[in-house]
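Engineer: The lines below spell out each chain.
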Amino acid sequence: MTQANKITGAEIVIKALIDQGVDTVFGYPGGAILPIYDELFQQKKIKHILVRHEQAATHAAEGYARSTGKIGVVFVTSGPGATNSVTGLTDALMDSVPIVVISGQVPTFMIGNDAFQEADTVGITRPCTKHNWLVKDTNKLAETIHKAFEVAGTGRPGPVLVDVPKDVQFASGCYTKKNEIKKNFIKKDPSIDLNMLDEAISRLELAERPIIYSGGGVINSGRSAVNSLRNLVAGTNFPITSTLMGLGCYPASGKNWLGMLGMHGTYEANMSMHDCDFMLCIGARFDDRITGRIDAFSPNSYKVHLDIDPSSINKNITVDAPLIGDVSQILSVLLARWKERGSKVNEKKLSAWWKSINNWKGVQSLGYENSSSVIKPQYAVQRLEELTKSYNRFVSTEVGQHQMWAAQFMGFEEPNRWMTSGGLGTMGYGFPASIGIQIAHPTSLVINVAGEASWLMNMQELGTAVQYQLPVKQFILNNERLGMVRQWQELLHGERYSHSWSDALPDFVKLAEAYGIKGIRCEDPAMLDDNIREMIDYPGPVLFDCLVEKHENCFPMIPSGKAHNEMILGEQTEENSISDDGAVLV
Amino acid sequence: MSLKLKKGVNKQSAYNLRDPNLDYEAAHTLSIIVDNESGVLARVIGLFSGRGYNIDSLTVAEVDPDGQRSRITIVTTGTPKVINQIKAQLNRMVPVHEVIDLTIKGKAVQRELAIFKVVANGNQRVESLRLADVFRAKVVDSTLKSFTFELTGTSDKIDAFAELMAPLGLKEMARTGIVALLRGDNSS
Ligand SMILES: Cc1ncc(C[n+]2csc(CCOP(=O)(O)OP(=O)(O)O)c2C)c(N)n1
Ligand SMILES: [Mg+2]
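So the protein lines, in turn, are chains A and B.
Mapping of the first sequence onto the working numbering: position 221 corresponds to residue 221, and the numbering continues sequentially without gaps.
Mapping of the second sequence onto the working numbering: position 47 corresponds to residue 47, and the numbering continues sequentially without gaps.
Among the hints, a few may not be true.
[Unchecked claim] Partial selection, computed: residues in chain B whose CB lies under 8 Å from chain A:
1) Ala-42
2) Thr-77
3) Gly-78
4) Thr-79
5) Lys-81
6) Gln-85
7) Ala-88
8) Arg-92
9) Val-94
Quick caveat, the hints were computed from the structure, so don't treat them as lab data.
Backbone N, C-alpha and C define an ideal beta-carbon position, used for all residues, glycine too.
So that you can see chain B by itself, here it is in the shape it has in the complex (with noise of 0.2 Å):
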């Protein structure tokens, strides 16, 4: 049994006896089911902008043709109370089924995709094609000057291999944000 003590400053104590966690900003990774209808991005985007909420990442694509049900992948960052608002917001939102919060469910398999080009000349270009190996990361297209590598991975290879091409000559890169999934048999 917890003793009976308030959350907050209060009369009978000098400390502050608030949960600490209340004000914890954590990333959550959200994967929403919506109806795939005209405006439905907008208005979950909408949602985010409208009450000053967080997207660190959002990535959309139409996931179930005959149902014409797409996910929504949002990274946000809050405190869990607002985390547990966003959510509450978002299934209000008549074309929402489903928010499944990855980050309290479970574990969660997380990937991007990500695009770089690379212009370079000797040794920087030996060592770019050397680097990518080491990453895995695929050559998609070539010229006698660049490359275009395309890496999948979680955001932090994903950091990491840019962050290394820097010096290398990078000159642009594309990335598709996260998607992501429940590990294991059940489907989230």
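The shape of chain A in the complex, shown without the other chains (with noise of 0.2 Å):
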């Protein structure tokens, strides 16, 4: 390639970008990556939206990705801008979050001269992204971008950070385009065992009480896999549960819905997970806030795990035949095979365990006791639900209390409408989620369920919003304390409640009219439903504030080291219902 044909590494990320199909991109300036925004200034093909912290960004960009299916992307300066996406980037590797991260750093010849601004974040990175790479050759700078979009969307997804020195910015080199790369580096899927697939099959058959529990996995592997899962279910009228991360691959309305399990789950679901003795686990990983104590997890089943990364195999939880692939594929011939061999299940001890599940059911683990005079946080997202289900609707929530009631007490139809953090557990993740919602998305109602001392973790993107005329809307239920913190405090502290309140709160009315926003405080139950309404209809930002009853626990749970079956269901709490083994547990 001759002289002419050489841009500079700053346009080679752009326009690698842009070969890549991007056209949003969140981030935060400075020194290292000025090059690069430099570039970005001259063309119109790729928006930005600058944030107001570097988290924020890849939270936002977690919630574009999420949304929509595609890669969200970040740019950050070197330093400081970089050290501040680790969160993000561990967040999004926890729930397996497609984003690329191109951070800026200091010019190659002052690496390693402890320079202005300079942080190791390859090393700091490393193990916080699925792969990273430091750029040192202009040259190798598009192929290196493709590959990190190539690495972030295959397989298992997750985030990747490239890091790119302003001198390599700056440099010319020769352009690489999107299909031109070797695509050696990728691992294959391994071919589906199928041996170990007909051995499932007949034991699917056989089930005298079977579960499908489902996962975030379906939703990374795409429609297809939705509709399998969707047609799996239909087929064989197996009841089904899905975590936390995996809520709306099948539809909340379904009738063989029993609700999300774990922790927070329902207690049909994680009965039904105890007792069964056929579980199909799909693109879930039997997490800790899954299985609560191990030995005694579904002591009598026979499991079958489908999931695309082998080493969530047997990592928690041994099981009977592990089917390795993504998720789609894996159900498509699952369930081709099993029409062939005649649709057969076992009808007649199939309707016994559905009997068993229905008196579960009515034991109806999400009640609560309601209250006239003061709203009650399951109420209130219970109100939320019913004026906002009809909307085009996607959802995002802080981590707390306030997570698992929407969990529970929000119904979702359809995958990519639901955007929490799971893995990590990332207070402050909701407000720029939404963001990066709304932005892929500009005219659904994209609503960010809170808790007030989550939310403040994040405030600063009040500011992001107003610059972009973001309608999101921040219902926070707002109880003055660390909600989910201080609950663990009563169970298992001896209601010590060590700086789990939320001293020195703003006003969040008068806050949201600082930012010109609207701002709506409810405390009155009977008020709720046309606060609500005002909220939805309002067309631009709102912080809505729900004061709600300060001192509710979320019911049902596993107290940790307890097996499904000793789940707690109300306030009835027992003596040391945790024991000191389960105290160590988080």
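Quick one: dock chain against chain with the hints and give me the complex.
Structural biologist: Right, dumping it as structure tokens:
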């Protein structure tokens, strides 16, 4: 290639992103990434959203990615810009969200000198990315960025980072097109183990007490995985539950739906998991929030596990039939073979199983005592659900009790509609995520169900919402407490409420007004519906301060170290409900 | 056909029916083919430290300059479940091309190289030289007061030699850690 064909590293970055079909970048500029921002300024194809903190850029990119199925892109500068992105990268790694972070770095000849705003970004982010690269040669820049997208989006998705020193951005080099790179670095999906699959199918046909337990992997696998899952449920009439990450794969209104499982899952879901004799785990990973006490987890079941990541197999729970591969492919083969064999299930036993399940449903484990004088948080979420479910709606959450209530009381009919920080449990996720979602879906109703403490962690993003006129609805269940922490202290630490209250809270309505947006406060259950409608109807961003009961606990709950069939259903707090062994668990 | 008993203590049985091998820790030698790119060793080591796996021995060098591939040989200890996790986690890494568990795959040749400095006079000096001969250690440097021996062999052999040299004036030693390949005509 002649000198004339060369372009600068900064131009290469933008060109590569356009080549990858990127239309939106979330970011924050600084010295080490200025050449790239300069290029950004001189083009029209990529829209840049200026956040107010780099952590928010990563969560916004996550919200964007998870609500669209596309890859989220972030620009940050070196040093503090890069270190601020670490929480979002870790969050994306835990929840398998594909994002690409491009970070500026000090020039190559200054690396290692403790230069101004130098940090070992590749070193710091190595354990919190799927892979990362430091690009020292402008000629390799395009190729590396294309690889980064490939790695982020294939197999089990996840975050990647490309660190680009400033001199590499300024220098000229050759551009490599997206389709010109070799893909030999991509791990091939293993072929499906058909013997294992047939064995699993024959167990499925005989199962007396089956359950399907699905997770976020189904959403990541895409629409056809979701459709196959729904066909499987319809064809077998098996009950289905899901992890926090998988909500929406099977519609909440579907007749086989048992609700979410796990620590704050429904009684029927957890009891079915415990008592089943056949478990089909699809795109979930037996996380400790799901299993409870490992050695008492579903003791009598034959377990089939579909997962694209071999390291998820037998990590926490030893399974009988691991099936490694893309969920959509395995499910379609499974369905085809099962149909070939006559679409059999053990109908007689199955109807007896449904009888037990319906008895468990009768317990109404999500029940709570409502009040006419104070807004119960569950009631607030229920009303929010009722008044918004008919909308084209996306929901994000922060982390805490409000998150669990949202998971329990909101119904999701479709995947990619529910964005929450599951694996890392990152307070401060929801607000920036809602911004990313709204950017991707400008005309949809985007609601962040928040706790006041979490929301404050990234409240600076009000500026972003205002600047881009994003009508995000921040629905804060304000209990003036770090509610989930308070609940644990009540149940585990002798009601010693060490630093779990939210002191010196702002006046949220005035805060909204200070930013020129709408603030609504509601403390009267009778006003709730009207106020929620007002929030929905308002065309701009709304900060909704919903003052709720301060001491409500989130039930049902499987205390740490307990089994699924030892869950606490309500306020009848049992003596010593959590053992010393359990107390060390988080 | 095996009895349809569930693994683990359960209602039906007072005995622990867990697979006894599940908790049995054993050393495994893993041969890992990686891209020879900067940071690859840090990634592999970071995986072990981050997830709490053991490293008993580690060696690394480029073995295919054309393909820019290196071979990392790691000896690690763990239960079968942990060893499987280690292999699966390694296989997830982008620059890792192959993970071969030499302990499972068949017989492997395992060797270490060590250098010993022995400072001694008189009989001790003669004895160290005699023992070195028995072990087929080579003298690679000497002064009037010292010998430097080079020894290649299994880790056991090197341990044994070190033990013998200790009372004979062993001052310091350096060893490479294990390198290994499968026996036979199959490449691993
Ligand atoms: C960044 C971060 N710090 C600390 C925690 C621990 N934590 C989990 S829930 C919680 C309280 C959240 O309070 P709030 O947002 O008001 O929600 P609530 O539980 O009251 O609904 C805390 C401190 C966390 N998950 N994330
Ligand atoms: Mg709170």
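Engineer: Work down the list of hints and note, for each, if the structure agrees.
Structural biologist: Hints and how they fare:
1. Ala-42: At about 7 Å, which falls below the 8 Å cut-off, the nearest Cβ of chain A leaves the hint on B/Ala-42 intact, so it holds.
2. Thr-77: Since chain A brings no Cβ nearer than about 19 Å to B/Thr-77, farther than 8 Å, the hint is violated.
3. Gly-78: violated (13 Å)
4. Thr-79: violated (11 Å)
5. Lys-81: With a closest approach of 6 Å, the B/Lys-81 hint holds.
6. Gln-85: Since chain A brings a Cβ to about 6 Å from B/Gln-85, closer than 8 Å, the hint holds.
7. Ala-88: holds (4 Å)
8. Arg-92: With a minimum Cβ separation of about 6 Å from chain A (threshold 8 Å), the hint on B/Arg-92 holds.
9. Val-94: holds (4 Å)
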